[in-house]
Every structure is written in structure tokens, then in C-alpha cells.
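Keeping their order, the protein sequence lines are chains A and B. Just so we're aligned, residue 1 is where the first sequence starts under my numbering, counting upward by one. Just so we're aligned, residue 1 is where the second sequence starts under my numbering, counting upward by one.
The hints are simulated quantities; they were obtained by calculation from the structure and are not laboratory data. Small disclaimer: the values here were computed from a predicted structure and weren't measured. Warning: the hint list may mix true and false statements.
Put simply, identical chains are the same to the list, so a pair is met inside one copy or across any two.
[Said to hold, decoys possible] Think about it this way: if two alpha-carbon atoms lie no more than 30 Å apart in a straight line, the pair counts; the simulated DSS-like pairs of lysine-lysine are:
(1) 45 <-> 170
(2) 197 <-> 147
(3) 163 <-> 7
(4) 163 <-> 147
(5) 354 <-> 7
(6) 170 <-> 449
(7) 284 <-> 258
(8) 240 <-> 26
(9) 284 <-> 354
(10) 108 <-> 26
(11) 197 <-> 170
(12) 284 <-> 45
(13) 354 <-> 449
(14) 449 <-> 200
(15) 108 <-> 163
(16) 200 <-> 103
(17) 170 <-> 200
(18) 45 <-> 354
(19) 147 <-> 26
(20) 284 <-> 147
Number of protein chains: 2
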Amino acid sequence: MTFELTKEYVERIEVAIEARDEATLKAEMEELFPADINTVLYELKPEAAHYLFTLLDTEVGAEILANIDDPADRRQFLANFSSAEITHYIELFDSDDAADLLKEQSIKVREEVIALLKDREQARFILDLLPYDEDVAGGLMQKELVKANVNWTVNECIEEIRKQAEDVEKVYAVYVIDDNQTLLGLVSLKNLVLARKNTKIGTIFDDDILYVETYRPVEEVVEIMQRHDLDAIPVVNVQKRLLGRITIDDVIDVITEKAEEDIQAIAGITGEVEEDDTVWAQAKARLPWLLVGVAGSLMAATVIRSFEGELGKVAALAMFIPIMGSTGGNVGIQTASLIVQTLSDKSGLEISWKERLRKVVLIAILNGLIIGLLAGLYVWVSNETALFWVVSLSLLAVVLLASFMGTITPLLLNRIGINPAIASGPFITTANDLVGIGTYFLIAHYLLKM
Amino acid sequence: MTFELTKEYVERIEVAIEARDEATLKAEMEELFPADINTVLYELKPEAAHYLFTLLDTEVGAEILANIDDPADRRQFLANFSSAEITHYIELFDSDDAADLLKEQSIKVREEVIALLKDREQARFILDLLPYDEDVAGGLMQKELVKANVNWTVNECIEEIRKQAEDVEKVYAVYVIDDNQTLLGLVSLKNLVLARKNTKIGTIFDDDILYVETYRPVEEVVEIMQRHDLDAIPVVNVQKRLLGRITIDDVIDVITEKAEEDIQAIAGITGEVEEDDTVWAQAKARLPWLLVGVAGSLMAATVIRSFEGELGKVAALAMFIPIMGSTGGNVGIQTASLIVQTLSDKSGLEISWKERLRKVVLIAILNGLIIGLLAGLYVWVSNETALFWVVSLSLLAVVLLASFMGTITPLLLNRIGINPAIASGPFITTANDLVGIGTYFLIAHYLLKM
Numbered sequence: 001m002t003f004e005l006t007k008e009y010v011e012r013i014e015v016a017i018e019a020r021d022e023a024t025l026k027a028e029m030e031e032l033f034p035a036d037i038n039t040v041l042y043e044l045k046p047e048a049a050h051y052l053f054t055l056l057d058t059e060v061g062a063e064i065l066a067n068i069d070d071p072a073d074r075r076q077f078l079a080n081f082s083s084a085e086i087t088h089y090i091e092l093f094d095s096d097d098a099a100d101l102l103k104e105q106s107i108k109v110r111e112e113v114i115a116l117l118k119d120r121e122q123a124r125f126i127l128d129l130l131p132y133d134e135d136v137a138g139g140l141m142q143k144e145l146v147k148a149n150v151n152w153t154v155n156e157c158i159e160e161i162r163k164q165a166e167d168v169e170k171v172y173a174v175y176v177i178d179d180n181q182t183l184l185g186l187v188s189l190k191n192l193v194l195a196r197k198n199t200k201i202g203t204i205f206d207d208d209i210l211y212v213e214t215y216r217p218v219e220e221v222v223e224i225m226q227r228h229d230l231d232a233i234p235v236v237n238v239q240k241r242l243l244g245r246i247t248i249d250d251v252i253d254v255i256t257e258k259a260e261e262d263i264q265a266i267a268g269i270t271g272e273v274e275e276d277d278t279v280w281a282q283a284k285a286r287l288p289w290l291l292v293g294v295a296g297s298l299m300a301a302t303v304i305r306s307f308e309g310e311l312g313k314v315a316a317l318a319m320f321i322p323i324m325g326s327t328g329g330n331v332g333i334q335t336a337s338l339i340v341q342t343l344s345d346k347s348g349l350e351i352s353w354k355e356r357l358r359k360v361v362l363i364a365i366l367n368g369l370i371i372g373l374l375a376g377l378y379v380w381v382s383n384e385t386a387l388f389w390v391v392s393l394s395l396l397a398v399v400l401l402a403s404f405m406g407t408i409t410p411l412l413l414n415r416i417g418i419n420p421a422i423a424s425g426p427f428i429t430t431a432n433d434l435v436g437i438g439t440y441f442l443i444a445h446y447l448l449k450m
Numbered sequence: 001m002t003f004e005l006t007k008e009y010v011e012r013i014e015v016a017i018e019a020r021d022e023a024t025l026k027a028e029m030e031e032l033f034p035a036d037i038n039t040v041l042y043e044l045k046p047e048a049a050h051y052l053f054t055l056l057d058t059e060v061g062a063e064i065l066a067n068i069d070d071p072a073d074r075r076q077f078l079a080n081f082s083s084a085e086i087t088h089y090i091e092l093f094d095s096d097d098a099a100d101l102l103k104e105q106s107i108k109v110r111e112e113v114i115a116l117l118k119d120r121e122q123a124r125f126i127l128d129l130l131p132y133d134e135d136v137a138g139g140l141m142q143k144e145l146v147k148a149n150v151n152w153t154v155n156e157c158i159e160e161i162r163k164q165a166e167d168v169e170k171v172y173a174v175y176v177i178d179d180n181q182t183l184l185g186l187v188s189l190k191n192l193v194l195a196r197k198n199t200k201i202g203t204i205f206d207d208d209i210l211y212v213e214t215y216r217p218v219e220e221v222v223e224i225m226q227r228h229d230l231d232a233i234p235v236v237n238v239q240k241r242l243l244g245r246i247t248i249d250d251v252i253d254v255i256t257e258k259a260e261e262d263i264q265a266i267a268g269i270t271g272e273v274e275e276d277d278t279v280w281a282q283a284k285a286r287l288p289w290l291l292v293g294v295a296g297s298l299m300a301a302t303v304i305r306s307f308e309g310e311l312g313k314v315a316a317l318a319m320f321i322p323i324m325g326s327t328g329g330n331v332g333i334q335t336a337s338l339i340v341q342t343l344s345d346k347s348g349l350e351i352s353w354k355e356r357l358r359k360v361v362l363i364a365i366l367n368g369l370i371i372g373l374l375a376g377l378y379v380w381v382s383n384e385t386a387l388f389w390v391v392s393l394s395l396l397a398v399v400l401l402a403s404f405m406g407t408i409t410p411l412l413l414n415r416i417g418i419n420p421a422i423a424s425g426p427f428i429t430t431a432n433d434l435v436g437i438g439t440y441f442l443i444a445h446y447l448l449k450m
């Protein structure tokens, strides 16, 4: 039942486009859901995609356009469209999707489209939304919602839904307001269906509801909706006037994007690249963190050089350079990622710094002793007994230091407003590499003198 | 407006519990949403939490119990409850939540609770769901839904919703079936509100809908619902009989869990631990991958030892051991994480192996040349000119090899059914450390002989 895109299918569509075979193309697209047509368009050359797109129903086209996630992809796709053409689809958009699309366009296109919109209420909605950044509640909200005055009856309320039906795709609930547009509560669609026609809304609405202000950070909105299993949440201004609502589908997109960003940050990739981006874009996205790694390693080279004397005396010292670096890196990543996880879970008591460090130190001692002893055993077996204490003690010290840095770095980054996930990536590995190797040679320096 | 848990608040509640001050506690809890009460309970000692819990309204208690995510936490919390007490809350659960909770309990408790349930339809629903694993659609679905025969009128349909209203918390849509319970389509709640009372359902329902079979993997369900912005999806058996539905809140939980798992896998933490777990649990979860790292580094030590001759001749060789290991590790993680990202995005044409490798190699050459030249410059400046070609060429080779391994490993793991995210973690770092150092000394061996 789900659509599987194959190379053969794409080729068949390309041939039909080449032949300008409208009937076949329309019939083929008729079979697909909009999201699937989108994946087909994505595989076609720009002009071919544009041609196929113009054959679609306007509603289907609008749904596809609204759901292209990558702003760069969408801007490129729309490069062939006139402002009038864009307006034609925008007319069927929800206000939040329209504002998102127009923010990606030049100011000229943006103003042309807004001027061309026939529905002046929609134009006003979009203008209301344009100023909000995408990282606050106002940037996620849509203006379309059904609201009812607290003095209305259920019947008046259903009449209002009927009037709005075309504009509000998913109703979920009717928001209840007073004469000043102040949010008082809501009636779920289910309760509206079940209530008698002449009941007053004031007697059946739920006044104990959650809402957010326009300026709330998106992460807070996501957390509230997820914790309380909400399908939609109303958005108000500082006077608690109802301005819009945020629906669950937008929240899911935020969650998915955040997860991808975190993973890319941990992996040391800057910006949002994907495997099918150009070679140049991918190389550029990787280079910055690789260079951080190179810089760190060259500092390590300088450290090693300064201990040339020790290396000259005990050449076997070189054998354990890798274990110091990699153990430091691995412990640092593990520690940092747990801290990042706690930071992103905002429910529950904040763990105190003291308690945090106490645990981190205990875990580090436990793991440090085990690793230190194992490596010591290897030293013993390979007949480098002079290095037993150097290697074992260094590893314990490295695990302790790396745990400490893995704890501190994300907490500090978070405090100064940088995504702490980047602390779990190449940054921490590089820093710990360097610290690990430095510690090792210092310990060797003192122990071998004795 | 959102609840912030403070130490002082928890202490105040603890004092009130100590004093068995029912009135204060009830008043305080009245102020909170169930999800917030849950975070309070989590901070209390088991007996205190149990006492506070029994003071809550049964509905609130049921909502809290249904939403404890961690099975171990919930089992522990319920350890003080009799089967009759558990049944008391389960009676208010949706069937999917009830089945999830009972799967965590002993067979004895499970059977006692099912026998004690007064609503025999609910008991049958739960028994229907118990056999499904949590990683297929059947394990996510709930039996509660509103269905209507295609021959009914809108009025009969609304009567049915009225009857079911208590059991079905969020309706979203009414599923339309024929006399054999075969799924034909659906009517959205909105359209039902808008239709005339005596309209036949058969004339207004949407027959072009998405559904899933019980055996579909959870990831597929998530992907379908996310791509098509669905609030709920019906679940059918192989004969397309309607068995249940999956709602969006469950899907969000799956997405969040998956993201956390991936990050832990990349960070090299096995199992699901959190920062507030015990020292022992955390140490255990980290040790396996640390040991893999240690094993790899000790192999690297053995490799280095076998090149003692080269190290004796050119002591400066030791200086560049860290850069080989860390560059290999960083490149490997970057490459693997992009592959993992592509693998989890199932829409779009699969990228062919040839195309994949072509790009990977080009990116590697580009970045390898830049890094190799920079490091070469350092070699030059630090007057180790003999090592210029050794270091530069080794780095190019290391970047190429690490890119290759970072591409192949997740693809292979994915093919044999292991979460490819673990390939982006300590595994790839360790392997690349080893390969990097080996390559370096081999190249040194041949170039220095000349």
C-alpha cells in the first residue's frame, strides 16, 4: 500500500514528460498521495518537475509546496514560478505555511504575493506572522482556528465551524473567548458533537487549559505539548488575547529536526547537509571540525616533542600514546552525551552540581581502575614492567580528567546559549586527546626520574 | 504558567505527607496537571509517593500511571499495589496503555487484573493486544475507536460516538466499515459536524485513506504518519478487517525514544541509562565500549612496537601518532553519521553504492589534501623535513580509509539488522585509530628506507 519509488518508475515518468503525455501523467499522479508526488518531483530535472507540477490539482500542488522541508530546495523549485503562480497556491495554504514560504522569498516576491492575495483576511494573517522568528512560539503558530464567544450556544458555535470549515483543516477544539478576545478555555470537538444545540458554551467549556505566549522558545512549546499529550495549544499575547494556535504536526517536525541537529553536532558536521548534497557542500560542512582536530593533534605533537628526552630513554613510551588519547575521547563523549540528555529533559528537579560531580567522579574511579589494571596487565605481559605504574596511573588520571571535562563543557556551553550537543563531538575528543597525552608524559616524567 | 519543580516545593510536600495532612496535599495537587504531579511523585520516597498517589482522583491517578515511560520505574512504583488497586486504575486506561502496563507485570498480577476487570469488553481488548511485540504496529495500536457501518446515517453515527464517548478520549475520525468489519474509509469529525443528520455515511466518507497492517514495523508506521501528517491511522489484519488505530501521541514517543537511542549509540553507551541512575548502572553501561577502545588501542600499541626500528631511527615519528588516530576517528564518525541519516529517511530513491562511494572518495580527497598540506606545513616549520611526505601522504591515506570504513560499516550493520548508529560511535573511532596508526607506520617504513 505504501509507495516505493524505483528508478524504473522515475524513468517512465521522465519519458511521459518528454512526450508531454498529459493523460498518462495525470493518471499516474492521481494514484499517489501528495507526499509521494513530492518524492517523484525531487528526482526530476527542474523544468520537468515544473511541468509535472502544473498538471496537478491546485490543492495537491499546494499541499506539496507547503511540505517541502528544506528552504533551499523550495526556493530553487520556485525560481521558475511567477509571483502570480505562487499566489495561486498560497491561497490554499494555512497562514503559518504561507509565512514560512514567503520568508524564504525575496522581499519583492513577498510583497507581490501579499498584494495579489484575494482573501484580505489571509493577507493580514500572513503579515501578522512574518515578524516572528522561527525559534519562538509565534513562529510556529497559525492564525486559522475556530473561536467562540463564551455567551454563544452550541448551535452558534457549530455555525461558526461551518463558516470556517474551508479555512481550518483540523479543528481539534473550539477556543472560548470573552468580548475582549481574551482566552478563557476550550470545548473539544467531541464534546461539541455530544452537547445539546441550545446549551450555552459558558456552561460546558474547560477553563483549566494550557496555553503559551508568542515569545516562548520553541523547545518549551514542544516540551509542554509532548508532556501533556496535546494535539494543539493556543498562543496568546501578553494580555492573554488569543492570537493563534500551534498544532501537533509542526511540533513533530521540530522534534525530528532537533534530533538530526544533535546527531550532526555530535558527529562534528556543521550546518545541515545530507548525503545527496554536493561534494563541495559536504566537504565544507566537515572541514571546520576536522581542522579543530588537526590543530589539537598538532598541539599534542608539540607536547610529545617536549618530552623527547623521556622518549629517548624509554622508547616504549610511544606505544601507549594511542590509548591515552582514545580513552580520554571515549570517556569524554559518554559523559557529555548523558549531560546533554539531562539538559534536554526539562521535567524533574535539576540535579545539583555537587551531586553531579560526586557521581561522575565515582564512575570515573570505577572505570578508570578497571581500564588501568587491564592496560597494566598488557604492560606486564609485554615485558615493559618499567611502565606499569606510568600507564596504569595515567589511565586513571585520564579517565578522571575526561569525565570532569565531559561534565563541565556541555553545562558551560548550555549556560552561554550554545547547543551543548556540540560538546559531545570532536571538540571534546580533541581536547581530551591533548589533555590525555599531556597527563601521560607528565606522569612518565616524574615516575621515570625516581 | 508552566510548573517549575523546586527543592523547597518537594520539601513542603514531604512535610505535609509526614503529617498526613490530606487537606493541604489535595489542595496542592489540585493545582497541578497530571504530568506535573508525576514529576513530584518521582522525587518522593516509595511509601510517601504511594500515600500521595492514593489521595488523587482516580482519573488523575490513571493518567499519571499510563504515562510513566520507564517500565522499570513503573514496576517499582506498583510494587506496593495490590492487583485490586491496579485494576481500579486500569479500568480507566485505554487498551494500549493497559496492555503495556500489564506486559511489565508478573503473569500472576496480569491474570488477576484481567479477571477483576468489570468491563469485559475492555478485558477482551487487552487480551487481544497482549500478544503483539512493541516493535510492530499491533504493539502500538489501541482498540478504542469509533466505527460506523457504511449504511448508517450521520445521526446514527453521532449516536454511536455518544455511546463510545466515555471510552474513546480523542475521536479524530469515524472509521467506516462494511458488514464484514472490512475497513472502507473514514469521515473526519469535522465533516460529521458539518453534515446533515439524515445524510448516509456512504455518500460522504473518504475512501482513499492510509492504513497499516498489524505486522508492520513501528518505524514504517512512524514514517507514514509523519510524511502524511496524520493524527491517527487505522490498523487492519491481512483480510483488511479493522482491528484498532494508532494515535499521534504514541508516535511522538517512538520518535523521541529512537533519537535518544541513536545518540547513546553514537556516544558508546549501551542500554538506556540516565544521569540520575546509580553509579554502578552507569559504569556498567559505559564499560563495554570503553573496553573495545582499550582493546583497539592496545593493538595499536603492538603495531607501534613492531616498528621500534623506525622509531629508534626517527624519534619524531612519535609526534604524529595522535593526528593519525584522531583524524581517522573524526572522519569516520562524520561519514558514518551521514549514512545513518540517509538510512533512516526512507523516502526518495535509494542512492546506489557506486554513486555513494564516488562522492565519499571525492570528499575524502578534497579534505585529505587540505589536512595533509596543513600538517605538512607544521612538519616543515618544526624542522622535521624528513617526515614531510610521510605525514602528508599518511593523512591523505587515513582520510580515504576512514571515509571508506565509515561508509561501509553502517551499511553492513543495517543489512544484518543491527542499529547502524552504533557504527558512528566508539567502534568506528577505535577501528580508525588502529587503521590510521598502522597506515602511518607502513608508509613511514617504506618512505624512510628510500
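Structure-based check of each hint:
1. 45 <-> 170: neither (34 Å within a copy, 43 Å between copies)
2. 197 <-> 147: both (17 Å within a copy, 24 Å between copies)
3. 163 <-> 7: Intra 45 Å, inter 50 Å, cutoff 30 Å: neither.
4. 163 <-> 147: both (11 Å within a copy, 27 Å between copies)
5. 354 <-> 7: For residue 354 and residue 7, the Cα distance is within 30 Å only across copies (15 Å; inside one copy 58 Å).
6. 170 <-> 449: Neither, since 76 Å and 74 Å both go past 30 Å.
7. 284 <-> 258: Both: 21 Å inside a chain and 29 Å across chains, each within 30 Å.
8. 240 <-> 26: between (48 Å within a copy, 28 Å between copies)
9. 284 <-> 354: Between copies only: 22 Å across chains, 41 Å inside a chain, cut-off 30 Å.
10. 108 <-> 26: Classified as neither: same-chain Cα gap 33 Å, cross-chain 59 Å, threshold 30 Å.
11. 197 <-> 170: Result: close both inside a copy and across copies, 22 Å intra and 21 Å inter.
12. 284 <-> 45: within (25 Å within a copy, 52 Å between copies)
13. 354 <-> 449: Result: close neither inside a copy nor across copies, 37 Å intra and 56 Å inter.
14. 449 <-> 200: neither (90 Å within a copy, 95 Å between copies)
15. 108 <-> 163: Classified as neither: same-chain Cα gap 33 Å, cross-chain 55 Å, threshold 30 Å.
16. 200 <-> 103: Classified as neither: same-chain Cα gap 42 Å, cross-chain 44 Å, threshold 30 Å.
17. 170 <-> 200: both (23 Å within a copy, 23 Å between copies)
18. 45 <-> 354: Only across copies: residue 45 and residue 354 sit 21 Å apart there, 59 Å inside one copy, limit 30 Å.
19. 147 <-> 26: neither (39 Å within a copy, 33 Å between copies)
20. 284 <-> 147: neither (49 Å within a copy, 54 Å between copies)
In summary, the numbered hints that this structure violates are 1, 3, 6, 10, 13, 14, 15, 16, 19, 20.
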